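Chemist: So the chains spell out like this:
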Amino acid sequence: MNIGLLFVNLAGLALIGLIVWYFWLYRREGVQVTEVGGFQEATITVKGGYDPDVIVVKKGRPVRLHFNRKESSMCSEMVVFDGIGQSAKLPEGETVTIEFTPEQKGEIPFQCQMGMLRGKVIVEA
Amino acid sequence: MAIPKTRILPPEQIEANAILQSTEHSDVDEETAAHRREYVGLMGKFWFAAAVSIPVMLVAYPELPWFYLPNLFVREVSETLIRGLFILSGLVTLPVMAYSGRQFFTGGWAAFKHHSADMNTLIALGTSAAWIYSSVALLIPGIFPEGTATPFYDVTAVVTALVVLGQALEVRAKGQTSQAIRKLLDLQAKTAHVLRDGNEIEIPVEEVLVGDIVIVRPGDKIPVDGEITEGASSLDESMVTGESMPIDKKVGDEVIGATMNTTGSFKFRATKVGKDTALAQIVKMVQDAMGSKAPIARLVDVVSSIFVPAVMVISILTFLTWINFGPSPALAFAIVTGVTVLIIACPCAVGMAVPMSLVAGVGKGAEHGVLIRNGEALQTASQLKTIVLDKTGTITKGKPELTDVIPAHGFEEKNLLLYAASADWRSEHPLAQAIVHGAQTQGAQLIEPSSFEAVPGHGVETVVDGKKVLVGNSRLMSRNNVDASKIAGEVERLQGEGKTAMYVAVDGSAAGAVAVADTIKEDSIQAVKVIKDMGLEVIMITGDNERTARAIARKVGIERVLAEVLPEDKATEVHMLKKNGKVGMVGDGINDAPALVEANIGFAIGTGTDVAIEAADITLMSGSLKGVAYAIEISKATMRNAKQSLFAAFAYNTLGIPVAAGVLFPFFGLLLSPIIAGAAMAASSITVVTNANRLRFFKARAFAS
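Residue numbers (the working numbering), protein chains in the order written: chain L, 1 to 125; chain P, 1 to 705.
Simulated from the structure, these hints should not be mistaken for laboratory data.
Model, not experiment: these values are computed from the prediction.
The beta carbon of each residue, even a glycine, is placed where N, CA and C say it ideally should be.
Treat the hints with care, as some may be off.
As the list claims (entries may be wrong) - Each computed DSS-like pair below joins lysine-lysine, with the alpha-carbon atoms no more than 30 Å apart:
1) K58(L) to K113(P)
2) K267(P) to K89(L)
3) K183(P) to K59(L)
4) K105(L) to K113(P)
5) K190(P) to K70(L)
Claimed, not checked - Covered stretches of chain L, going by a simulated chain P footprint (3 or more residues, C-beta under 8 Å):
6) 8-18
7) 47-56
Build out the structure end to end from the sequences listed, making use of the hints.
Modeler: And the structure:
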């Protein structure tokens, strides 16, 4: 095996490691909500993903998530909170608010209809 | 719209109504417009990419004969010319990536920032890898082994064109899938004729207030929900309830907005406007259901969350395998197969399969007055083993009707009915009312009784036309010393058929018997048959005695009857049945609510304009049992459709990716061109959407005539 080929192989394997780490192993940090008049609020930009995509809230108090979609790709047209039975259409350029009160500690995932874009609300005690 | 200035209205309320209604409508309009823009934009990108692709492809195969057409371009193709043409190809392909393929790069990058990857990532990587490799090969061919420095810009251009075309067609097909909501909203009337200050004025439907008197003429659309105060007509409610026969309506009856008046004229008082109308509630329910997830889709979620990075890993492994073990030129093979793997993988098809079918199926249900609450309800409904039908009001009409008039020897049927009905005229008992109504329908001119006494638990004792007329049970006859033995046999027979039979005596002698019964709805028989044909067991549940219950069950073709079940025990019975498989319970949503909740699927028979029945997983807008049969049929069809798409998507990827990686090469020398991979990828996601669209043409047996 010549040096060039060895290098290519090593680079390939390193790339695989990088992909595994970056997409699967990396733990994202949650974003804290801001308190506005008794509501725990966060604004989420929708563009190729949810930004921020992990939101940390306290249980028992109402949460307001403002989704602002900044792209026309149909993939992100809808946001679905399957666990709490809510969903909303997100027209481009408009802010759509999802409101709920988490009663239990845990995670409330949300995603686009096809499940390609994902985010979650972490409910803390 | 000319609106007289004289009207006095609370402006806030009008505004609120207007906003509620117009947002619903404009949302959908806007969505349609957004889809349209997206489609036009994508098609523009496609045409550009396609236009560039043609010359780039021609250049990519310089051995093709067109180069050598005598005197057309050149007599002899020199190395320099080919190199020049390739450089030109590379340059014109750049704007294809930057314009036509822009969303792949922006989308892929946005996803990347979120530590995720999607279809955009794969296409962006695939097309740019092809372009970069080609450019390096062209500019510094020396770094590559002999024979591998061949550019393939055509892959970048053609794949971009194909995938963009696929996206455009997908946008269009998706628009069709969700047409149901659009159709529902289009049912809404635009204006209403209302009485204000004694004058009739025409106003936009958004401005109709609760309490307004609305005037409806022949052929008019009913603008909002309400109750008839004057006049009568028959209404075509098919667009909302799915019931094809026009329904007769009189004073006091409910009318549903968006339904169509036929030939009568009437006035009604608006009871629900804006977002409270049945139509608005239906739209909301359908939208919610379309945004929900079927449990089967949750399995897919796991796959789609790891799919794209896994494809990237496979692509690298493919590259490494070819470069290490592949035939010469190894690098060229490695690069082409690696790119082909990236391009052929189609996460979209996998992710879209279930939601697309769900949207189409839920919409189709709504068209026939069947409102499915969510994806979970739809999936469960497709797996039901048993359907429990409440008897009264579900299988039957829920109110007694005159069924038999049997005169004793020496009496005429017509007179018997006249006396019986006249005697009952002033009675408020529902059975008495049924006799009166039956006689009136047959054209009898009833006579006001000169004396009337209701004897509780027995019947009525009256004087009609100077004769003493008794209508009631055997106890009433013996109390008055009437010998009823000659008609007792007939009465017993009628009771055996599940009817309520009453003796009639005129001036001390038995005149005959009349019977009333809760009659079955005409279409119950067909509905039960359709449900049974789908392999479900149909069970009737009722508080009635065994004999009455059996008689009705026999008529509609139900073998298993749970009779004499107290209302509070219905839920327990349903619970027991669940041991043998999933149970659907059909009831009225109010009295049967606990049983509906207990069942795996509660079907509530809608009562007019109350749409969102809490206890129900599926609401049937019309009272017909055909809705139940249809709900099960469409659920099964939708799930079948979703599974087909899912299977196709998985099969496509599990076969396509290895073939793209070249597993067939050692055996058959078969290798996939990245361009074919691009076409396959685009086709696979269109196939999924198109398959879902097939549901729009679903023909149900429940509605077959």
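Chemist: Counting residues of the segment 47-56 of chain L that have a beta-carbon nearer than 8 Å to any beta-carbon of chain P, does the count reach 3?
Modeler: holds (count 6)
Chemist: Below or equal to 30 Å on CA atoms is what counts here, so check K58(L) against K113(P).
Modeler: holds, 27 Å
Chemist: Sort out whether K59(L) lies within 30 Å of K183(P), counting only the CA atoms.
Modeler: Cα-Cα ~41 Å, so violated.
Chemist: If you draw a straight line from the CA of K267(P) to the CA of K89(L), is it 30 Å or shorter?
Modeler: Given that 30 Å is the threshold and the Cα spacing comes to 38 Å, the pair is violated.
Chemist: Starting from K190(P), check that the Cα of K70(L) is at most 30 Å away, please.
Modeler: This hinted pair is violated, its Cα atoms lying about 33 Å apart.
Chemist: Could you grab the alpha-carbon distance between K105(L) and K113(P) and see if it respects the 30 Å cut-off?
Modeler: Given that 30 Å is the threshold and the Cα spacing comes to 28 Å, the pair holds.
Chemist: Examine the segment 8-18 of chain L for residues whose CB is less than 8 Å from any CB of chain P, and state whether their number is three or more.
Modeler: holds (count 6)
Of the hints listed earlier, those the structure fails to meet are numbers 2, 3 and 5, in rising order.
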